[in-house]
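Novice: Residue strings, one per chain:
Protein chains: 2
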Amino acid sequence: MNEIKVFSPASIANLSCGYDILGVCLDNIGDEITVRKTKKKGVVIKKVSGQKLSTDISLNVAGVSATALLNETKVNCGFEIEIHKGIKPGSGIGSSAASSAGSVFAINKLIGEPYTNKELIKFAMYGEMAASGSKHADNVAAVLLGGFTFVRNSIENDYFKLNTPIEIAFTVIHPKIELKTKDSRAVVKDKVLLKNMIEQSANLGAFISGLYTEDYDLIGRSLKDVIIEPLRSVLIPKFEKIKSVSINSGALGCGISGSGPSVFAMCKGVTTAINVGNAMKKIYDKLDLDYDVHISCVNDIGIKILKTN
Amino acid sequence: MNEIKVFSPASIANLSCGYDILGVCLDNIGDEITVRKTKKKGVVIKKVSGQKLSTDISLNVAGVSATALLNETKVNCGFEIEIHKGIKPGSGIGSSAASSAGSVFAINKLIGEPYTNKELIKFAMYGEMAASGSKHADNVAAVLLGGFTFVRNSIENDYFKLNTPIEIAFTVIHPKIELKTKDSRAVVKDKVLLKNMIEQSANLGAFISGLYTEDYDLIGRSLKDVIIEPLRSVLIPKFEKIKSVSINSGALGCGISGSGPSVFAMCKGVTTAINVGNAMKKIYDKLDLDYDVHISCVNDIGIKILKTN
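One line per chain: the protein sequences are G and U, in this order.
Going by numbering that gives the first Met the number 0, the first residue of the first sequence is number 0, and it counts up by one from there.
Going by numbering that gives the first Met the number 0, the first residue of the second sequence is number 0, and it counts up by one from there.
For the record, the hints were derived by calculation from the structure and aren't laboratory data.
Fair warning: there could be bad hints in the mix.
Here are the computed lysine to aspartate or glutamate pairs in the EDC-like style, where the Cα-Cα straight-line distance is at most 20 angstroms [claimed, not checked]:
id, chain 1, residue 1, chain 2, residue 2
1, G, Lys160, U, Asp214
2, G, Lys160, U, Glu155
3, U, Lys223, G, Asp216
4, U, Lys160, G, Asp216
5, U, Lys117, G, Asp216
6, G, Lys223, U, Asp216
7, U, Lys188, G, Asp157
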């Protein structure tokens with residue numbers, strides 16, 4: 000195989016109760032990444048379309064993660080990468096994760112798969128580090144493993160897949176405002192009340208249990224964030240209103256996607272997800288605020304191969 | 000039915016990663032509680048054996064929980080209770096929970112079961128309140144539901160049972176020192192670092208996942224407490240040594256049972272649990288410290304009926 004084209008999907012991190020821990024892989028929004036073997040060693044980003052991003056391999060996350068992989072693995076060729084961004088950077092649905100994970104997934108296939116997808120997470124995290132200054136694994140784990148994913152300990156490379164109840168569907172609305180990750184991080188405090196920790200972790204544990212027992216009501220009751228959301232939601236236009244119309248339209252729960260500004264609703268069934276999306280749109284239409292809405296089932300596979308040569 | 004005798008078991012709360020959330024029901028240690036209908040209304044505690052405890056219904060937790068139940072349920076008779084304590088109060092394995100839950104379980108049976116076992120938790124919590132000053136549900140939920148149990152929210156009466164991997168066995172060592180719940184609570188701080196919260200709740204979520212997937216290694220890796228144990232363990236003689244010999248003898252994990260002073264080890268298989276118990280004993284033998292050791296499988300049923308009349 001000399002060339003591979005993959006679809007590397009968007010993802011939602013945190014999922015209200017699992018800050019820095021939970022992630023889920025989406026289905027029909029993502030980046031298309033083509034990687035080709037070259038005689039000349041090293042990594043080159045030949046082209047980026049869809050969004051204005053650097054082709055410098057030390058600045059583009061796909062190059063950063065690819066370099067991390069190739070620093071550990073000796074190969075006798077180089078790679079050129081073409082990226083078509085389907086995800087807007089800074090939207091809060093794992094734009095950097097899709098590119099970071101997509102390039103290492105593709106290169107791994109081209110060199111005979113010396114790594115499992117789980118092992119690729121550590122390389123993809125270098126891309127996350129370059130994008131946001133922190134080596135978080137929640138988005139890249141979701142993209143590389145598919146489904147709902149859990150980061151137990153990224154230093155120990157301890158990640159795993161959870162069960163995916165078949166009817167889960169997501170609505171994501173992306174209000175087109177600029178929300179810098181820096182600002183979104185700045186509002187998070189470094190200490191929490193023990194009683195809030197107990198409430199939050201009880202919700203996380205109950206959410207996990209609900210995924211395994213496919214108890215949609217329990218999943219809904221547990222999709223709460225008493226720690227980060229109250230601080231971050233003030234940065235998102237009409238967050239409380241978006242949340243209340245989502246719940247009233249049948250969503251199991253609603254929260255901030257990653258560090259925002261996108262807001263997700265988790266629903267039972269695609270029809271509900273579409274209704275929730277329509278209700279969300281009305282809120283931003285009234286404000287004359289531009290937005291994108293995505294409806295997605297859970298992508299239980301992760302990155303998909305589109306073409307090989 | 001005019002009389003019922005039940006076996007109300009010991010339990011372990013917290014289980015390292017689930018402070019105020021997780022519990023597990025033990026098998027072969029507990030209180031025996033006999034409840035008899037009487038013509039005269041009200042609750043009387045006729046006898047307590049095994050331990051020196053009050054027979055005043057406002058001081059004995061079995062009377063407190065029974066009174067709470069009867070305040071909500073009108074019945075045309077009274078009840079007399081006999082308690083044989085098999086669990087030492089203050090040992091950290093749910094002595095008050097066994098008595099609180101046992102009396103309401105027995106009365107509920109005698110009056111035709113108007114409540115589910117889950118609904119009885121709220122009455123049993125009054126006993127816990129009387130014993131420790133806090134209405135915690137982790138032990139009583141384990142006793143009334145059996146198996147591994149989860150307290151999502153005790154104000155919303157949201158409790159449920161988790162899966163029990165069949166090979167799990169527990170070792171519990173109770174060093175006979177006086178550790179007042181008050182002192183054990185006093186060392187707990189009301190704020191925690193966000194990074195510790197993330198680590199702790201990641202372990203809780205991973206533990207829950209491990210129970211469902213019956214992944215004993217994951218269960219072992221997740222049985223950690225970075226928040227409460229470092230503060231409380233200093234009150235328990237040779238805690239670190241007990242823990243290290245347990246792990247070296249094959250335990251999956253080891254931690255403080257409830258608020259202590261008992262220490263539990265979670266093992267795969269009864270043989271390992273026995274070996275761990277023997278290793279623990281040696282530590283306290285060297286100190287000339289008196290102790291009890293219990294080996295128990297998980298009791299997946301909870302309270303058991305011994306006799307009815």
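Novice: Give a verdict on every hint.
Specialist: Evaluated hints:
no., hint, verdict
1, G:Lys160 - U:Asp214, "holds (13 angstroms)"
2, G:Lys160 - U:Glu155, "violated (30 angstroms)"
3, U:Lys223 - G:Asp216, "violated (29 angstroms)"
4, U:Lys160 - G:Asp216, "holds (15 angstroms)"
5, U:Lys117 - G:Asp216, "holds (17 angstroms)"
6, G:Lys223 - U:Asp216, "violated (29 angstroms)"
7, U:Lys188 - G:Asp157, "violated (29 angstroms)"
Going through the hint list in order, the structure does not satisfy hints 2, 3, 6 and 7.
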